[in-house]
Amino acid sequence: MSGAELGILFLSLQVGLVSLAASLPIAIGVAFVLARKDFPGKTLFDAVVHLPLVLPPVVVGFVLLVLFGTQGPIGSLLEPLGIVFAFRWTGAALAAAIMGFPLLVRAVRLAIESVDPRLELAARTLGASRTRVFFTVTLPLAASGVVTGALLAFARALGEFGATITFVSNIPGETRTLPLAIYTATQVPNGDAEALRLSIISILVSLGALALSEWMVRRHKRGAHA
Amino acid sequence: MLEVDVAVRRDDFRIEAAFASDAPIVAFFGRSGSGKTTLVNAIAGILKPERGRIVIGGRVLFDSANGVDLPPEHRRVGYVFQDALLFPHMTVRANLDYGEALTPLAERVIDRERVLALLGLQALLERRPTSLSGGERQRVAIGRALLTSPRVLLLDEPLASLDGARKAEILAYIEILRDELRLPIVYVSHALEEVTRLADRVVVVSEGRVAAEGPAAEVLSRPELGPLTGRFEGGAVIEARVASHDPRYELTTLAFAGGQLVVPNLDALPGEPVRVRIRARDVSLALERPRGVSVQNVLPATVRSLGAEFGAIVEVSLDMGGVPLRARITRKAAEELGLAPGLQVHALVKAVSIDRHSAGFA
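These protein sequence lines are chains A and B, in that order. Our numbering puts the first sequence at residues 196 to 421. Our numbering puts the second sequence at residues 342 to 703.
It is worth saying that the hints were derived from the structure and are not from the lab. Any given hint might turn out to be false.
Among chain A residues calculated to face chain B with C-beta under 8 Å, some are [what the hints assert, rightly or not]:
1) Arg301
2) Leu305
3) Ser309
4) Arg319
5) Ala323
6) Ser364
7) Ile366
Computed spacing ranges between beta-carbons, pair by pair [as the list claims (entries may be wrong)]:
8) A:Leu246 x B:Glu510: 25 to 31 Å
9) B:Ala509 x A:Thr238: 31 to 37 Å
10) A:Arg325 x B:Asp424: 20 to 26 Å
11) B:His415 x A:Met196: 58 to 64 Å
12) A:Thr326 x B:Ala509: 37 to 43 Å
13) A:Thr326 x B:Ser502: 30 to 36 Å
14) B:Glu467 x A:Ala216: 34 to 40 Å
15) B:Val401 x A:Ser401: 57 to 63 Å
16) A:Leu239 x B:Ala506: 52 to 58 Å
17) A:Phe330 x B:Arg372: 38 to 44 Å
Here the structure is a predicted model, which means the values were calculated and not measured. Even for Gly, the Cβ is constructed at its ideal location relative to N, Cα and C.
Chain A on its own, in the form it takes in the complex:
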């Protein structure tokens, strides 16, 4: 693996992990609200959360560009604070987070819905506050769903192309993740060998993530049912 390829791999992992770390707490919160609360406008809220799943990624990228560009309504507010997304790797992470968000929420929500709410009530009568019940009963029992959702979102982040290239372009060393690098390689003469090597790296990373999540789910199950 050349130094350039290593750089691309690390950038992809960085984008994937940062997008996951940033979206996971929010997704768990949203999943809990969707699973356990009823409120007016819930259907609309649910639809908005799922929007990135059904929209063309290019559209998401364009909307991000409009909102988070340095001239955009949100981007111009954040710029003085030193937070810039446009044409930065952080923007690639933001795009990846938003594209993976519905997958994460769906998996976590299903897992939370499968937790018997009466176990949570039992914990309340034993003296636990709502927050404590969530962290000691609901979340641990939903852990396998969280792991599954995290894998899906991470895989989605590693494969993210359309929204990324539209929002943050294809800048070597900054926003050129694995899919963008593979695409670039296929656009130059004799780039096929490079594209193939990058593809193999992609496959290995995905298999690694799959194996890791499988191992975590199994370990959790063994813990719960031994």
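With chain A fixed as given, assemble chain B onto it according to the hints.
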């Protein structure tokens, strides 16, 4: 002291209940769907009553008039659910620790080692809930609730999912808790024999209201409970004391205000109070003291009243020196004997009709 006066609505079901109890064990008795669990959930703070007041040991848990509504985690009630609801992702030890760790040190009045010993939990500590039997799960659930040092223990049909042997085992544990820990217990059940055996005071819940309430012996003897207890289970409950044992025939003699009662061996010391339930269908009547009869209990009684006739059957209310008894006989027999209020008769009760399940230690 437990004081409840609430109206609770759940979906399209509504229950109103008002009662007070300072008995060691008060039972909520009624059919499934009568509102017993709804009432317990209101006490635990899981359901919010529309209006009313709930006070336990002088501590106001809920009072709609003054805007008091303590969340479940501040009510200090030990709630044991019908199906135990142990945390499946924790060991028995972690389940037991869960509530205890959340109880402030100053409030921990129940000794952990004692609870573990009383409920026989030592050997189960490292097990997972999924590997426990139904009875073991209930014991852990009771232990988990007790370790929060609650002011009251709520047991919602704790025997419902258990087989006969396990039922007897848990019943014995509950009696030990009552005697050892001096903790008021609310016992929810639809099983007459459980209520007879355990409860000192009974709140009969039917169709969203309290149908009867009072001391167990009095309430459980009321004829109007027939529809609740089932046609064939109606009867009277007698408070008695163990007088003597007869090891040769394995019989126990009980003494009560209306005379003596011979029953198959009861595992109790002489002098111990017991409650015995005598079903109306197990009582026959005779005008004169019969001779040459196998029935061991022949009790002088006075006919108080004849109940409503249904088909071939009439139910006779009797009085034995102030203690009520009921007999279910045929209309034909009642006519032939010329039964009428005030008539002196002899009530015949077969000793074997009183089994261990109809007797409880008061």
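>> Just to be sure I understand the hint, the distance between the Cβ atoms of His415 of chain B and Met196 of chain A should be within 58 to 64 Å; is that true here?
In response: holds, 59 Å
> Is the hinted range of 20 to 26 Å satisfied by the C-beta distance from Arg325 of chain A to Asp424 of chain B?
Replying inline: Once the Cβ atoms are compared, 23 Å apart, the range 20 to 26 Å for Asp424 of chain B and Arg325 of chain A holds.
> Has the hinted range 25 to 31 Å been met by the Cβ atoms of Leu246 of chain A and Glu510 of chain B?
Replying inline: Violated: the Cβ-Cβ distance is about 57 Å, outside 25 to 31 Å.
>> A closest beta-carbon separation below 8 Å is what the hint needs, so does Leu305 of chain A meet it against chain B?
In response: violated, 17 Å
> Holds or violated: Arg301 of chain A as interface residue toward chain B, Cβ cutoff 8 Å?
Replying inline: violated, 22 Å
> So the hint says 57 to 63 Å: do the beta-carbon atoms of Val401 of chain B and Ser401 of chain A match that?
Replying inline: holds, 59 Å
> Should the hint that Thr326 of chain A and Ser502 of chain B are 30 to 36 Å apart at their CB atoms be regarded as holding?
Replying inline: Between Thr326 of chain A and Ser502 of chain B, where Cβ atoms are some 31 Å apart, the hint holds.
> Given Arg319 of chain A was flagged as interface, is its beta-carbon under 8 Å from a beta-carbon of chain B?
Replying inline: Interface hint status for Arg319 of chain A: holds (4 Å vs cutoff 8 Å).
> Holds or violated: is the Cβ of Ile366 of chain A closer than 8 Å to a Cβ in chain B?
Replying inline: Not OK, violated: Ile366 of chain A not within 8 Å of chain B, min 45 Å.
>> Within 52 to 58 Å: is that where the Cβ-Cβ distance between Leu239 of chain A and Ala506 of chain B falls?
In response: Since Leu239 of chain A and Ala506 of chain B have Cβ atoms about 56 Å apart, the given range 52 to 58 Å holds.
> CB of Ala509 of chain B to CB of Thr238 of chain A, is that within 31 to 37 Å?
Replying inline: violated, 52 Å
> Taking 37 to 43 Å as the hint, is the beta-carbon distance of Thr326 of chain A and Ala509 of chain B inside that range?
Replying inline: holds, 41 Å
Going through the hint list in order, the structure does not satisfy hints 1, 2, 3, 6, 7, 8 and 9.
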